[in-house]
Amino acid sequence: MNEEVKVGIADMKLLEKEGSLITYALGSCIGISFYDPQIKLASLLHILLPEAQNLSETQVYKFADTGIRKTLKELQLKGGNKRRYLCKLAGGAEMFKLSGNSPVANIGQRNLESVCHILRQEGIYIAAQEVGGNIARTMILEAETGVVRIRTHGVDEILI
Amino acid sequence: MDINEKTLDVIKEVGSIGTSHGATAVSSLLQQEVKISLPDVCFLDFNEALQAIGDPEEEILCVLSELSGDFEGMMLFLMRKDLINQIIGPMLGREISNYEELDDLSLSALTEVGNIVISAYINALAGLSQMDIGVSVPAISREMLGAILSVPMTMLGYEMDQIMMVSGTFIIEGTVLDSSFIMVPDAKSLVKLTNQLVSSYE
Chain A
1 MNEEVKVGIA DMKLLEKEGS LITYALGSCI GISFYDPQIK LASLLHILLP
51 EAQNLSETQV YKFADTGIRK TLKELQLKGG NKRRYLCKLA GGAEMFKLSG
101 NSPVANIGQR NLESVCHILR QEGIYIAAQE VGGNIARTMI LEAETGVVRI
151 RTHGVDEILI
Chain B
1 MDINEKTLDV IKEVGSIGTS HGATAVSSLL QQEVKISLPD VCFLDFNEAL
51 QAIGDPEEEI LCVLSELSGD FEGMMLFLMR KDLINQIIGP MLGREISNYE
101 ELDDLSLSAL TEVGNIVISA YINALAGLSQ MDIGVSVPAI SREMLGAILS
151 VPMTMLGYEM DQIMMVSGTF IIEGTVLDSS FIMVPDAKSL VKLTNQLVSS
201 YE
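Chains A and B, in that order, are what the protein sequence lines are. Taken in order, the first sequence gives residues 1 to 160; the numbers are from full-length UniProt numbering. Taken in order, the second sequence gives residues 1 to 202; the numbers are from full-length UniProt numbering.
One thing to keep in mind: the hints can contain errors.
What the hints assert, rightly or not - In silico DSS-like cross-links for lysine-lysine, where the CA-CA straight-line distance does not exceed 27 Å:
#1 B:Lys6 to A:Lys97
#2 B:Lys81 to B:Lys192
#3 A:Lys97 to B:Lys12
#4 A:Lys97 to A:Lys17
#5 B:Lys188 to B:Lys35
#6 B:Lys6 to B:Lys35
Claimed, not checked - Footprint (simulated), chain A over chain B, 3 or more residues, beta carbon under 8 Å:
#7 22–28
#8 36–50
#9 77–86
#10 140–151
As the list claims (entries may be wrong) - Counterexamples of contact, computed for chain B against chain A with all Cβ distances above 12 Å:
#11 Glu72
#12 Met74
#13 Thr154
#14 Asp186
It is worth saying that the hints were derived from the structure and are not from the lab. Just so you know, even glycine gets a beta-carbon here, dropped at the ideal spot from N, CA and C.
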C-alpha cells in the first residue's frame, strides 16, 4: 500500500509505518515535519501565520505556535518520543515583493522566525530545511523512511 | 461571516461593472475585442478555494496589487500562457511556450497590463461605492498557483477562515482564455462594501 495523504492549509496529519504525507505549494507558509524513526511515526503540519492572537482560536493548525504544540501532543499520544524526533522544514518564501507597510510583508520570514523560536523552546533540533527565497515548494514525507522530498518548478526534486 | 444571496448578487453586479471597465482598458491597449465573462462570486474555506481554482502546483503568472484607504484587500490578475501570448505578441512580437522564457521586458509589459486592468476595475468600484481606494504599485510572481493564492489568505488569516473571491475570465476575439482576475476584500472591507452597496441598491 502506498497511500498519499493530503495535508491542507492550516492542517496536520499523522501516519504510521507506511504511505506518505503531502502538502502542496508552500509559499510563505511553512511545512513542518516530525518523524520518530524508532516507531516510524510521521506528522506533517502546514501553518499559515506566525502566532495565534487569541487563546480561544479553534483553527490551531493555522498558526506556528499553537500548531506545533498541538502536533507534539498528538504525536505523544501515538507513543512518539520528543527526543527522537527528526524535524524538517520547507517554505517561508516571499512570493511577491510587497512594500514594507503591507500587512503581509515578509510574512515568510516572520513565519520562519516563529517556527524556529517555538522549536527551540520545545527543545527540538531542526534536522534539515529548505526555506526562504522566492520559490514555492511542495513537501512530501515518507512514513517508511522519514525521507522528505521537496518539489519545486525548474529544478529536480530535492531529498532532505 | 454571514453573506446572503442578495449581498452576493450585488457584489456580482458591481464586479461585472468593474470587469467591463477592465476589459475596455485591455481592449484599447491590444486593439482587439476583449470581453470578460460575468463574474463569479464565491465565498469558500481556504482549502475549498484552492480546490476550486485548480491544480495547486500549476505554474502561473500573477500580478498583485494591494488595496488601501476606505477599502482594504488585494487584486490578483492570474495570467496563463494563452493570454500572455495575446498580450506580448502584438506588443513585443514575442511568443512563449513556458514561463521561464519571459524576459524582463515581457514581464514589465505584463505587469503594466495588469496594473491597467486592476486600476480600471478599482476605479469603477470606487465610483460605485463612493469609497476612496488606493492601489499599490503592482508586484509580479511566476510560481505555483497554490502558493500565490496563499498570499491573500495570509492577509485574511487572523480574522477569517474563508475567502471571498470575485473572479472573471477573459474572452479575446471570441476565444475564451483560461486567465482570470480575482478581487479579495479583507474582513472589515467586505462588511463595509456590503453595507454601502446593498443599502444603495435598496
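Hints, verified against the model:
Our distance criterion of 27 Å between C-alpha atoms is broken by lysine 6 of chain B and lysine 97 of chain A, whose separation comes to about 37 Å. Straight-line distance between C-alpha atoms of lysine 81 of chain B and lysine 192 of chain B comes to about 36 Å, which puts the hinted pair past the 27 Å bound. Restraint check for lysine 97 of chain A and lysine 12 of chain B: not satisfied, since their Cα atoms lie roughly 30 Å apart, outside the 27 Å limit. Using a Cα cut-off of 27 Å, the hinted pair lysine 97 of chain A and lysine 17 of chain A is violated, with the two alpha carbons roughly 41 Å apart.
Between lysine 188 of chain B and lysine 35 of chain B the alpha-carbon distance is near 31 Å, which puts this suggested pair outside the 27 Å criterion. Distance check on the hinted pair: lysine 6 of chain B and lysine 35 of chain B sit about 25 Å apart at the alpha-carbon level, within 27 Å; holds. Interface restraint, the segment 22–28 of chain B with chain A: violated (0 residues with C-beta to C-beta distance below 8 Å; minimum three). Counting residues of the segment 36–50 of chain B whose C-beta sits closer than 8 Å to any C-beta of chain A gives 3, which meets the bar of three, so the coverage hint holds.
Coverage of a stretch by a chain is defined here by at least three residues with a beta carbon nearer than 8 Å to that chain's beta carbons; for the segment 77–86 of chain B and chain A the count is 0, and the condition is violated. Here the segment 140–151 of chain B counts 10 residues with a CB under 8 Å from a CB of chain A, which clears the bar of 3, and the coverage holds. The beta carbon of glutamate 72 of chain B sits about 8 Å from the closest Cβ of chain A, which is not more than 12 Å, so the claim that it is off the interface is violated. The Cβ of methionine 74 of chain B sits about 9 Å from the closest Cβ of chain A, inside the 12 Å cut-off, so the non-interface label is violated.
With a cut of 12 Å on Cβ distances, threonine 154 of chain B falls inside the contact zone with chain A, its closest approach being about 5 Å. Against the 12 Å criterion, aspartate 186 of chain B falls within the reach of chain A, whose nearest CB is about 8 Å from its own CB.
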